[in-house]
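Visitor: Sequence:
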Amino acid sequence: MKRPQLPNLRDHRVLILHKKDHDYQVLSGQLVRLGLKIIEPVEGQALPWSEVDVCFFDANQAHKNTFPWPDGEPRVPLIAMFSAETPERIHWSLTQRVCAFLVKPVRSSGTFLALQQAIFEFGSRSRADAEITQLQERVKARRVVLKAVVKLMELANIDDDQAYEQLRESSMTNQMCMEEMCLRFLQSGCEKSALNMLRHQRRP
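Those letters in the sequence shown? Residues 13 to 216, by the numbering used here.
You may find that some hints are simply not true.
[As the list claims (entries may be wrong)] Calculated cross-link-like contacts (lysine-lysine; reagent style DSSO-like; alpha-carbon spacing at most 27 Å):
(1) K31 - K49
(2) K152 - K116
(3) K76 - K32
(4) K116 - K76
(5) K31 - K163
(6) K152 - K163
(7) K49 - K116
(8) K32 - K116
(9) K49 - K32
[What the hints assert, rightly or not] Cβ pair distances, simulated, as ranges:
(10) S121 - E192: 51 to 59 Å
(11) T98 - P53: 21 to 29 Å
(12) Q146 - D23: 24 to 32 Å
It should be emphasised that the hints constitute simulated quantities derived from the structure, not laboratory data.
Keep in mind it's a predicted model, so treat the numbers as computed, not measured.
Beta carbons: idealized from backbone N, C-alpha and C, even for Gly.
Let's have the full structure, built from the sequences with the hints guiding it.
Guide: Set out below in structure tokens:
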């Protein structure tokens with residue numbers, strides 16, 4: 013049996029939003045040994061989020077302005093570091109859709125596990141979000157087709173099968189997708205212009 017392969021973390025760029033205390037030193041040392049690169053913020057400059065692959069942050073100090081995106085829409089995997097596990101802080105971190113947790117004080121174990129969990133979870137969520145968006149677009153497209161079929165039925169006094177077939181033939185003749193053809197038909201305005209547009213589109 014083939015052994016499962018974990019993501020290669022080497023050269024991943026990590027931002028640590030935490031004061032430079034003992035926990036920071038232990039964590040940064042572990043990350044460097046794992047082959048990751050620590051991003052050092054420059055005082056007076058905005059955080060370089062476009063360069064960040066993973067972010068550790070102090071969950072007991074973070075607030076609504078910590079991240080540059082809307083709540084619950086992280087653009088990178090987030091790992092929350094906890095010392096005091098209060099319900100309020102845990103709830104806030106969960107609403108940010110963190111991907112993993114790391115309990116303080118930071119020890120020799122736990123960091124690698126948190127990184128792997130965060131990267132895996134973020135990838136899974138990103139794929140799920142993309143699939144949901146695709147499904148929403150498909151539903152929206154089907155509504156456009158349905159509206160076009162109903163409109164053509166009323167204008168041409170034909171049944172739904174005939175209306176759909178006319179729209180399908182027009183889309184094939186003009187080498188465009190069905191949804192685009194239907195959208196053009198719906199945007200064609202008055203009854204006469206709509207029918208003329210469809211007849212013109214079907215002309216060989």
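Visitor: Of the hints given before, which are not true for this structure?
Guide: 2, 5
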